[in-house]
Amino acid sequence: MLIGLRQDKLFENSRFQAIINAIPAGLFIIEANGKVSLANEESRRIFAGETSLECISDYSKFTGYWPETGEPLKPEDWPEAQAILHGRETKGVVVDIDKFDGTKGTFTLAGAPIKNKSGKITGAVMTVQDITEHVKAQNLLRDSEKQLAIDLEAAKLLQEVSTKLIQANDIDALFDHILETAMMLLRSDYACFQLFKPERGAKGELYLLRHRGFKESDVMAWEWITPRSRSSCGMALNTHKRVVFPDVLQCDYIAGSIYLEAYLKIGIRAVQTSPLLSRDGTLIGMFSTYWRKPHELTDSEIRNLDVLARQAADLIERAQTEQDLRRSEERYRSLTRKLQEADRRKDEYLGLLSHEIRNPLASIMLCLSLLEKAEHGG
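So the sequence shown is numbered by my numbering: it starts at 1 and just counts up by one.
None of these hints come from the bench; they were simulated from the model. Just so we're clear, the structure is a prediction, and the values are computed from it rather than from any experiment. Don't take every hint at face value.
Calculated pairs, DSS-like style, for lysine-lysine (alpha carbon to alpha carbon, straight line, at most 25 Å) [as the list claims (entries may be wrong)]:
hint, residue 1, residue 2
1, 136, 104
2, 215, 197
3, 61, 99
4, 197, 136
5, 74, 35
6, 265, 215
7, 164, 74
From just these sequences and the hints, can you work out the full model?
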């Protein structure tokens, strides 16, 4: 009889364990002193280890954080402790947890007290659900929506630049507008344009055309840049490729140079320089942006930078074409003036010659008179 009762009890315990193991959430049954008397397989999977605890103070073995603040949970903050200590029922408590295997996850916790017929708390139950992937998906969606809004704003600003390139006549103002747009889209603190002067030196030099954010005294170090200059612009001048220094203090190329000294004096910690190429691939200038903090270009920033570089290159080409046209017009006007002057002199000469042809006798008589005077010594 006794053996039969024991077998029935074992069967009931086994059946109960099977039931709680089938629950798709971590389940803990806790005694009044905080000891975990029963936990299912999902709870061990969630925490990646054994979850046997003897009292509430043992809850410090669990490392959890409030997602909003990053503050760690105290042992008494866990829902099962709240249920035992204060009789509180909690639902949907979101907690970031460091698992026993060193990985991290995000979970929702719920806890409720267990009471006897007289209302005394005799224990508690807590459930844990893994929402790590759900939170990741939400974060990805939120980041995607945020990036979409940024891209739409960038597209609007870039379209505005394109419209002004077509409509406006003030090229200097357009250069300034592109620099301001670049600083907004790239979140940079400074920006500048340089013109390539191929006639200077064997490989040409760069001349500072426009800048934003700098004081005039700040940019004297790179008013002229040669291929020997140990700066981002000098490297780009040699390679004709984009140069990025995410942290100037970690860049061997400029270590110990006057340009690193100039960067640090201004407060620059990161820089990028992009070559400006004409439509036929000829180098015509450089476009640089600078940051006060170390900065890695994002994919979105690189795309925006490519568009701005193309717009700036087109603007420089337009400015050079207009300058060449003005010079051509001036040469034409100068040549026209010279031709007009030559035509005037021709008309004067022909007028004089015509007069002489119409009255040749006067000239002959004048010559004879002069000869006669010469013969008589007079």
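The hints, checked one at a time:
no., hint, verdict
1, 136 <-> 104, "holds, 12 Å"
2, 215 <-> 197, "holds, 24 Å"
3, 61 <-> 99, "holds, 10 Å"
4, 197 <-> 136, "violated, 52 Å"
5, 74 <-> 35, "holds, 17 Å"
6, 265 <-> 215, "holds, 12 Å"
7, 164 <-> 74, "violated, 60 Å"
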